[in-house]
Structure formats: C-alpha cells, structure tokens
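The listed protein sequences correspond, in order, to chains A and B. Sequence positions in the first sequence follow the numbering used here and run 3 to 256. Sequence positions in the second sequence follow the numbering used here and run 3 to 256.
Copies of the same chain look alike in the list, so a pair counts if it fits in one copy or across any two.
No more than 20 Å apart at the CA atoms, straight line, and that leaves these computed lysine to aspartate or glutamate pairs for EDC-like:
#, residue 1, residue 2
1, Lys142, Glu19
2, Lys142, Asp21
3, Lys142, Glu6
4, Lys142, Asp10
5, Lys142, Asp210
The set of hints was computed from the structure by calculation and includes no laboratory data.
There are 2 protein chains.
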Amino acid sequence: VWIEVDTDGHRSGIMPEQDTLLAVGRILHDNGIDVGGVMTHAGASYELNTREALVALAEQERAGCVRAAERLRAAGIPCANVSVGSTPTALSAERLDGVTEVRAGVYVFFDLVMHNVGVCSLDDIALSVVTTVIGHQPEKGWVVVDAGWMAMSRDRGTSRQTRDFGYGQPCTLDGTPLDGYLLADANQEHGILSATARKSGATARIDDVVTRFPIGTKLRILPNHACATGAQFSEYHALAAAGELATWRRFGGW
Amino acid sequence: VWIEVDTDGHRSGIMPEQDTLLAVGRILHDNGIDVGGVMTHAGASYELNTREALVALAEQERAGCVRAAERLRAAGIPCANVSVGSTPTALSAERLDGVTEVRAGVYVFFDLVMHNVGVCSLDDIALSVVTTVIGHQPEKGWVVVDAGWMAMSRDRGTSRQTRDFGYGQPCTLDGTPLDGYLLADANQEHGILSATARKSGATARIDDVVTRFPIGTKLRILPNHACATGAQFSEYHALAAAGELATWRRFGGW
Numbered sequence: 003v004w005i006e007v008d009t010d011g012h013r014s015g016i017m018p019e020q021d022t023l024l025a026v027g028r029i030l031h032d033n034g035i036d037v038g039g040v041m042t043h044a045g046a047s048y049e050l051n052t053r054e055a056l057v058a059l060a061e062q063e064r065a066g067c068v069r070a071a072e073r074l075r076a077a078g079i080p081c082a083n084v085s086v087g088s089t090p091t092a093l094s095a096e097r098l099d100g101v102t103e104v105r106a107g108v109y110v111f112f113d114l115v116m117h118n119v120g121v122c123s124l125d126d127i128a129l130s131v132v133t134t135v136i137g138h139q140p141e142k143g144w145v146v147v148d149a150g151w152m153a154m155s156r157d158r159g160t161s162r163q164t165r166d167f168g169y170g171q172p173c174t175l176d177g178t179p180l181d182g183y184l185l186a187d188a189n190q191e192h193g194i195l196s197a198t199a200r201k202s203g204a205t206a207r208i209d210d211v212v213t214r215f216p217i218g219t220k221l222r223i224l225p226n227h228a229c230a231t232g233a234q235f236s237e238y239h240a241l242a243a244a245g246e247l248a249t250w251r252r253f254g255g256w
Numbered sequence: 003v004w005i006e007v008d009t010d011g012h013r014s015g016i017m018p019e020q021d022t023l024l025a026v027g028r029i030l031h032d033n034g035i036d037v038g039g040v041m042t043h044a045g046a047s048y049e050l051n052t053r054e055a056l057v058a059l060a061e062q063e064r065a066g067c068v069r070a071a072e073r074l075r076a077a078g079i080p081c082a083n084v085s086v087g088s089t090p091t092a093l094s095a096e097r098l099d100g101v102t103e104v105r106a107g108v109y110v111f112f113d114l115v116m117h118n119v120g121v122c123s124l125d126d127i128a129l130s131v132v133t134t135v136i137g138h139q140p141e142k143g144w145v146v147v148d149a150g151w152m153a154m155s156r157d158r159g160t161s162r163q164t165r166d167f168g169y170g171q172p173c174t175l176d177g178t179p180l181d182g183y184l185l186a187d188a189n190q191e192h193g194i195l196s197a198t199a200r201k202s203g204a205t206a207r208i209d210d211v212v213t214r215f216p217i218g219t220k221l222r223i224l225p226n227h228a229c230a231t232g233a234q235f236s237e238y239h240a241l242a243a244a245g246e247l248a249t250w251r252r253f254g255g256w
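Only chain A is shown next, with the shape it has when bound in the complex:
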C-alpha cells in the first residue's frame, strides 16, 4: 500500500506534517502490510504559467513528498519509494533528490493547456484530430466541420488561461496552425470553425471562410487536453516520419 500525500492543497492525500500520516503508516505497518512508498501529484501546477512559479511548485512537491517519507522512516516505518507527478512540475524540477519515481502523463503528447502553462510549443503537440469541412453559414462566418465535442471532448481547459483556444486550434492537414482561426464552438457532432477576431476587415474575413475552406477540405485540430480528447476514441492512428500509419488500440478506463 502506498500513502497519498497532499503537497499543494489541490485534491486528495494527507499533508506531510499531519499526525494522520504516521497514524496511517503505523496501522499498515503494525498489521503486516508493507508501505510501498508515498506518492503525490502537484495538480495545482496546471494553474501556473511562469517558469519561476513552476520551479517553486516542483520543489514544494519534491520536498513535501520526501519529507513525508522521512517522517515515516523516522517513526520506524520503512518507506522505500517517493513518487511525484504532474507534467508541468516534471518538466520544471531543478532537483529530484530523494525522489525514486516521476509520474507524468500528458507530456507524451502535450496539448494547448500545456502550451499555455508554458512547457511546450504548439509544434510539440503530437495529438490531433483530423476533420472535414461539411458546411458553411457565411452570414455568421462559420465553417462547419465534422469534429464536434464528441471528437474533441468537452474539455475547455484553456478557457481559464491567458489564451482561450475554444475547442481547439485548427491547422492545415500537415499540422501548420491556421493563425487567426479557432474551433470556436462545438455541438455533439459538429464543430464551428471561425475567425478569432473580426475588427476592421470583418466582411472580408467572413467571405473568406467559404472560399478558403471549401466543402471537403481536411483540417487537423490541436486539442485543449490530450487526455480528454484521446479518451473519445478507441484507437490512435500513429503516423511515422516516413508517412506509414500504424493503428494502436487505446487503454480505456482509469
């Protein structure tokens, strides 16, 4: 059994200095159950967006989790492992003294939330949804695509960040971001692509969506949250550098 430690007040676990930590460790140990280690996840890092704040939280996560292990050991309870997590802190930690495991998930793909946190560039994002233009509402400046929230997920993680990407960043099929366009809204099976700003050049921009994105145009949408978008599908289509396509079944559930 591992003991979850709360190092940032974000979610669940026992705080490193709480009496409960030793009480739980003692109950396990005295009943012949091995304490495998302590683990934490500094999920509050998702709300940050400066290098300084991320470095500080990574150190708080490390120090708190190591401290919990040391308290258990000092009380005579063996605690071999110290596991820390979260993609932003994993990529910002300046030291990992005392840590035996780093669990980071979304870093394998990255996404627009991580881009806003500041730990990846748009070009680093390795998961996207291919979609097709299926209609227009020229008066509204809308391009209707066949990727709604059933494709992108309902995740609107960037809505609370400095740059709101709507339901995703549209790109050409080769992955080049379409600057000035957004998947602005989504229904279950329909996505609404539109221009992000409509100031002086408004009319031109609205006409532009029909001529620029004719029916049948294939686009690629970068997701707010790779975990949520991935979970909408049963498999990945993995594209190798040379262009070959492999199909990878996804693990579902949690």
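Put chain B on the given structure of chain A with help from the hints.
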C-alpha cells in the same frame, strides 16, 4: 441524398425560404440523384425551459421542415420524407402533420439537462455512474469519489441553466437523490462531492460528510448529459427490474 434544413438558426442547414434550397434540390434532381427528404434538428430547444416555448419551437421546427419539402415538391423535385429531431421538441410537439420521421436521441435515457429543460423528472433518468468513496478532505467538506470527469464527461450543460448540478447529482445506490449534495467538481479520475449550501449549519454539514459517507460507500451519480457520459464507457451495465445485470456493448463514434 437528404437536404438539411435550418429551422431555428442554431447550427447548420439551409433555411426553408432560401433560394439555395431549390438550387441544391435542382442540382441533385437534374443529375439523377434522389432527394430522399429534408431533415432538421431544433437544437435551440435545449436552451428553453417552459412548456409554451417548447411547444412553439416544436411547431416552428415542424412547419419549417414541411415548408421546405413543399417548396421542393412545388418545383417538381420529389421529396418523400420530412424528418424532425431534438428530444425537447419531440416531447412537446402538439401536431406532426407532414412529418414522416422524428429523431430524438437523449430521450431514451434522459439526464439533468433535460430535467432542467422540463421534459423529465429526476426519477425518469435511466443512466447513472456507480462510484465509490475513496477519501475525504474534512476541512473543505469534500468527499472524494472515484468518478471524475473521465467517468462523468466534461459536460457542464447545466451550468447555463436555472439549476446548476455541477458534474452530477449524487444518489444512494438505489437511486434516491441525496438532496443538498452535488458532485461539485471533478479532476480526471477524482470527483468532489460536497454540500450545495453552507449557510448557518456550515460546520455540522462539513463534519457530516465524513460520517455520512465513509470510505467504501457506493453511490450513483446522475449525469448532466447522457450522450457525453455514455461515450466515456465501452459498455452499459443494464439492470432489469428483477435485478439481473446484462452487459451491452456501446456503439462508438458518430
């Protein structure tokens, strides 16, 4: 080929009186392609919550779609079918003259959004997620359960309605709603159950969550949006009146 008609300005399709309708019908017909019918989906009905408004939109949907078919027929383009949709209008239509098909989806399960629209009671909701209490944060009044948004989906459809159910309405395992409690927030794998109001009886309520919901307690959560929640799973566990459980594989995709 069917022609999509826009009867409520909500999403996609051609408006019944637009010249484009006949132009599209003509191109299809003159090229030997059968126009199977006209179809519409009055999705704007999700934003209503009075019987009068729903009845009016159902009639607008019916009349607009029938009108589109009549215009095509008058122009010599056969159009056999008239298909209307949306759960709230399907349940509110007072007449269906000229309609050959009604497509309603979420009405097979219902959900909290439909409850707020006013077309079902909480007791009508036939889809729920069973979850287990896995922790507490007593100072915050939180019960941590193992149904986060990966279980419930990210859908927050009730946030724009008169009653916000957070990420879902907790119930006892037998389906009785726990009045005064909410799945107030959700992380990927963790849900946060808490009391909805904390006025005078604040402290009592916060202590209450630990004693009332001990670790291991099984609860049932009613979802905001049955379509979104269902899509998070690969199968349904269907419960018969006599208690037998059947496993139904889900269709995935769209």
